[in-house]
Amino acid sequence: MNHNTISLDQYLEENGSIKTKYYFSQLILRNKWLAIHLINQIALDFSTLYYIIPLIKQSNLYDYLNPRNKFAITVYEDILYNKNTNPDLDLIKEQNMPLYLNVLRWMLSSSLNNTISDCDYDKTMDVIATILIKEHNDTTILITLVDLIFIRCRNGSFYHDLIWILFQSNDTTVLELISNHLNSNDNREKKLAFDLLTHDYPRIRNKQLDSANLYNTFHAFIDENKNYITFTGESFNLSSNPTFFNVNLDSKYLCKKIDRSSTIHHLPFTINELKQLKDFHKLDREKQIQLADFSNSMYKDNLTSWNQWVKEPVIQQTYALHNSYGGNI
Amino acid sequence: MIIINGNKLDVISFINKNSLGKIEQEILTILDQSFYKSEYSSYDELLFELNLRKNIIDSSYELYKSKLNFAVFRKAFSNPKYWNTTKEGGFKLLKDVKSSDAIRDIYINGNLYGTECATAMVIVYYKALLSSFSEDLYNQLFQNIHLMNWHYIDPKLQDIGVMSKQNDYLPGDRRYFKNIDVNYKNPQWQGENVIDLSNDLYYGHGIGIQTAEEIVKTLNKNRKKNSTTSAFLVDMSAIPDFKLLYKQSKRQALI
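Residue numbers (this note's numbering), protein chains in the order written: chain X, 1 to 329; chain R, 1001 to 1255.
I should point out that these hints are in silico values taken from the structure, not numbers from a laboratory.
Yeah, the Cβ is synthetic: ideal placement off N, Cα and C, and Gly gets one too.
Warning: the hint list may mix true and false statements.
Incomplete in silico selection of chain X near chain R, CB under 7 Å [said to hold, decoys possible]:
| id | residue |
| --- | --- |
| 1 | ILE28 |
| 2 | ASN31 |
| 3 | VAL127 |
| 4 | ASP161 |
| 5 | SER239 |
Covered stretches of chain X (in silico footprint by chain R; criterion: 3 or more residues with CB under 8 Å from a CB of chain R, positions within the stretch not fixed) [stated by the list, open to error]:
| id | stretch |
| --- | --- |
| 6 | 91–101 |
| 7 | 225–238 |
Cut-off 27 Å, straight-line C-alpha distance, at most; resulting in silico cross-link-like pairs (DSS-like, lysine-lysine) [claimed, not checked]:
| id | chain 1 | residue 1 | chain 2 | residue 2 |
| --- | --- | --- | --- | --- |
| 8 | X | LYS21 | R | LYS1092 |
| 9 | R | LYS1092 | R | LYS1075 |
| 10 | X | LYS19 | R | LYS1087 |
| 11 | X | LYS134 | X | LYS256 |
| 12 | R | LYS1075 | X | LYS191 |
| 13 | X | LYS191 | X | LYS257 |
| 14 | R | LYS1165 | X | LYS207 |
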């Protein structure tokens, strides 16, 4: 092999997809083994492989591919042809789950390196992201997923399904990752980040896109509430202004962290806590928010005081809240 | 209870005086028997809402018959004589084209168009408004439209994108069937936007005109393997701001 032969990734970057397909088709005829070697290079990007899948199939090169590439093509075709059952894929998963997951991650990561504008490719990325998050709770891909959403936003491509998948992760890290884009110089990115994070919680409800210190405000809000945030399952399919998350006021008031592995979100409330919540629920929502905020703040500052305060009747708790504002609420 | 300018409405007389049809009568009955008050500034305002709801329902039936294709956003398509299909999969009205002509074209040449359920709802609303206003006024109010689910909706119509719990649900409301355990390969089945047609019938683009039970069955066929969580009708609806649109309807179209 000629050590000066450039990689297929580099060739694609320099020459585009049409020339790459032609180059590869000629390479198969002139030097089949070199072609195989180039496809099987460790550093190959899936987006490059994607362009030459038809050539691989036509030239009967599939059997010469390394396991990674074979798995990737099998996954891609499974998604593309919408197969309900796929014995080949089931076998792969059964025999080597870690490899299967790594291949999916490799395929997804390629979406950041390339500007492929192709329905089937984008759909493949969306489905892979869904599989990794919904079936395997893989949070290692969240950064990639958030970046991909904002890349598509900038490119004017469809991203609504990806947003739905992102919040299905049930992980508050996504809110922090999204908030980073509030500092973007690209107005579309900034607006999308703002739309995803906007909420009717008092501290952020009146913020506008051009408000000062937007990033700091949202970041502080997320940091303060991340233990109590639950995700609603709403999407852009349902609504023009979906509320993607909520702050669970019961949990925040009692400073009981949300358990994301559980469908009921938190450890069961004790009988005393349930009694407390009964009175807490009699307050209007704004008062509940104030009391929950106050409780959380006290919990962080002085646990001893909080342990005493949280057992007091709610009406007395509100006096403490009132006094903390100098009587001005 | 229905209140017109501070007075309780005599529904029977109102129906007889205005020769109202079955849909309008059903709406009035629900509102009249409701525990909650529905208030209107005038009989005319109430008639406007009834008429617009009827037009929403009629437009739904017409769109169903139009042969409009179902297509996910990535594969959406439209008649290039009137629309530009954007990269996102939306339809943007071309310059120098009348909004009324473009909306009508979807109904006349539905086979030249393909989109998903939410955008179909927006098409229904614009057509209903076209039927409710004079053409000149409609074109003046909705001259630059962009059809892409609940994005880019004209501000006068933006409430149709906002779902909330209502006191009562009425024919002409937008509803939503949610499919929590959707098959990942087909996220377009994560839910179905529908128009309530009355008599437990709903129009959803891609599914057609069906009962709630039939829609749930269809969505359930598109769940992930071994799922036992059924799709369901969400306890919320979205409605246009009828009062705002009524005020708009009173404007004179500029010559």
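Hints, one by one, checked against the model:
{"no.": "1", "hint": "ILE28", "verdict": "violated (31 Å)"}
{"no.": "2", "hint": "ASN31", "verdict": "violated (37 Å)"}
{"no.": "3", "hint": "VAL127", "verdict": "holds (5 Å)"}
{"no.": "4", "hint": "ASP161", "verdict": "holds (5 Å)"}
{"no.": "5", "hint": "SER239", "verdict": "holds (5 Å)"}
{"no.": "6", "hint": "91–101", "verdict": "violated (count 0)"}
{"no.": "7", "hint": "225–238", "verdict": "holds (count 5)"}
{"no.": "8", "hint": "X:LYS21 to R:LYS1092", "verdict": "violated (34 Å)"}
{"no.": "9", "hint": "R:LYS1092 to R:LYS1075", "verdict": "holds (15 Å)"}
{"no.": "10", "hint": "X:LYS19 to R:LYS1087", "verdict": "holds (24 Å)"}
{"no.": "11", "hint": "X:LYS134 to X:LYS256", "verdict": "holds (26 Å)"}
{"no.": "12", "hint": "R:LYS1075 to X:LYS191", "verdict": "holds (26 Å)"}
{"no.": "13", "hint": "X:LYS191 to X:LYS257", "verdict": "violated (30 Å)"}
{"no.": "14", "hint": "R:LYS1165 to X:LYS207", "verdict": "holds (25 Å)"}
In summary, the numbered hints that this structure violates are 1, 2, 6, 8 and 13.
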